[in-house]
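S.K.: This is what each chain is made of:
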Amino acid sequence: MKRVGQPRHLRFAKALPVIAAAGALAAASAYASGGESAADERWWSPGEGRVFPEVLDYENEHGTLRTLLVGGPLDTEGHPFFEPISSNGRACVTCHQPADGMSLSAATARERWDATNGDDPLFAAYDGSNCPTLPQGERASHSLLLDRGLIRIQRQWPPAPRLGEEVVPDFTIEVVRDPNGCNSGAEYGPENGWISVYRRPRPIGNMKYLLAVGFNFDPKQGLALPRDPETGDYLSGNLMSDNRAFTLKEQMDDAGLTHLEMLRELTDDERDAIKAFEMSLFAAQQTGRGGAVDDGGAQGGPAVLRDAEPGELGSIGFPVWGEFAAWEEISEEDRARLTPEQVEFRQSVARGARVFRDRTFLVSDAAGVTTQMGFGNPFRVACKMCHNMTRMGNDVAPGQVDLGTTTLPFADHFGDLPLFRITCQNDPHPYYGREILTYDPGFALSTGRCADVGKITLQSMRGLAARAPYFSNGSAADLRAVVDYYERRYNIGYTEQEKQDLVNLMSVL
Amino acid sequence: MKRPLIAATMMLAPLSAQAQEVGEIVSFVSCPVYRDTDNGRKSGCWLVRDGESGKQWDVSQSPHKPNWDYAVFVEGRVADQGDEFCGAPVLEPVRTSRLLDHRCPRHMLPPEGYPGRVFIAPDRYLTSLANPPEFEGPFGPRTFYAFFEFDRDFLVYQYSDFIVQQAAYWIEAAQPRRLVVTGYAATDPIEVSGMELAESPEIAQSRAEVVVLALSRLLPGMEIETRWETGSQPIDVPDADTIPGQSQRRVEIAVEF
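Respectively, the protein sequence lines represent chains V and D.
Going by our numbering, the first sequence opens with residue 1, and the numbers climb by one from there.
Going by our numbering, the second sequence opens with residue 1, and the numbers climb by one from there.
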């Protein structure tokens, strides 16, 4: 389950770089059965001009991740998602790697560091290091990326206008602690108009689900959804941890100017090509410890994602993770051709889907769902209450919820992240009070509202097996750590069996 | 859509804390108690106690449920139901409005053998974009009413959001000349459980503005005039569910042809 050298207690991470790096090497060779060439093949460097096949499989510790490119194969030569159109040698694919479910695992970052001595454009000073002011050749200056897969995200403060309206924050923000130097000094920090937070790359692919709009009302905001000024379409509100971008166009423009350090804007042709690629790509785990995830009547894997309608609410349509219902009862024929371990694993996945949907626990103080929308605080729900979109596990409504992952007292302790003090100027925050300590204010960095501090947009749950660690700040080292976080946060009382069933379920998505 | 259980005349009956007959209205302020029943999602119980009569009530059917950190202003009608769900007789229809200036200690009871209620999606459930409602003419002048929690301007899920959404679909089909949206606030003080309660005057305007913002997104290009009024009085319309106080805390969307 857990990789050697992937530090569980990240407080110790800085003290263990050598061991961590060695562990990463071991992991790399374990995957790359064909030796170095296989490891090279795994990593997509910008500008290689490879052909992106229609079906592409990569192994990971839980099985195989498959990408499916509708209309593929695609010659990536000259394609702006794959070419280093940047000033720093990067392309989009640098942080959105097929083998990592179109995100980037921390293990892959470590492999790259070791393979290139830290020379890969991934480690660009701008956001591939803890801060550009640090000595760039040293591993310690890239510890957040290497240990937890985190990229520096620099947000404008006060926030840029949102939906054409000026944003006037109702809170002040001070830097309590700045271990990396990117929230203080002459250039950085709120006083200079910038706030740096550190986040995991969110997976691209399966985008029709993240852009889908099931209803034209947002229950968390108590408002109709805003519309795209260009197309008039309703906006899903499900992109980026802080939802600073509503559309793929806004998102890629932001990515171009930041991650790619482009000195010009993307052209319309480039935008079209990137969008077309993002919209035709589907990614999901294709095999797991129980064999193929679309075998024995199950409906896992990317082909189903390609063909299904997006935006369905599991509670009124196809149940969330109902893909694995057929594995609840395994036929005699199937038993005859499967190993006992595979049978047991499939049944565990099927139970995990039920635990996800039906095993309730008491959720409290989760701003976004317990505050205004009428459910009350606390309320009893299962995982799928928030992760409610059929086949994707993101939120059908705009999914900004405060789970506590980035905000004290619920967040894990991380001495290597900046810590901010938010002071609400009007009403206090309903649960944290007037003063809030947070590593990442999340949605509040876009809306300027103290009520939104700590809210993070729910992600896609597909391809999890390929892209540890989890949560926006990489605080859960593996799938078990995700379950453990919920167990601690909401005092759930899952049995050991239920925990393992959830982990097994998540490993085949 | 939900039909009011109570004849319209009852709505205008005087408030009385002692009233306990079926259909009578009770209103008081109480700290809420959460009873952690588990009958699937959203099956927990909310209990409150009327300090004057000493009676405990089940208010779990409020469209905006309590937060255990704050007192709630309860307005509800005694229902013809026993205490078998949550351990107290039921108020329904009922409203619980959070009073954020009055903190309460968090209090939770175990199920103690009570099952809670299996969650059933309410009738006022947003329609999905895939299945929009169809309205047929002839269309003429009409007023829609959306309702709010005490002193709040939030369009609550599975109640007011539905009303505004459905109004927008109707208006889209009817193609009127313009809309006049008027926000109301119940600013005349009332005495409840020894407290004086009155909505703030600004809430009338912000209610109107919230509804106008929602409508302008649902109906781009529609001409909408925004108005607001304080000193709101009860009216008799079905979606207030026979709760007079609820009917005062409203926005009217007048459709003009």
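Accuracy of the hints is not assured; some may be wrong.
Distance condition first, Cα-Cα at most 25 angstroms in a straight line; then the derived SDA-like pairs of lysine to any residue [said to hold, decoys possible]:
| id | chain 1 | residue 1 | chain 2 | residue 2 |
| --- | --- | --- | --- | --- |
| 1 | D | 42 | V | 223 |
| 2 | D | 42 | V | 315 |
| 3 | V | 208 | D | 130 |
| 4 | D | 42 | D | 111 |
| 5 | D | 42 | V | 322 |
| 6 | D | 42 | V | 485 |
To be clear, the hints were calculated from the coordinates, so they are not data collected in a lab.
S.K.: Could you tell me which of the hints above the structure violates, numbers in ascending order?
M.R.: Every hint satisfied by this model.
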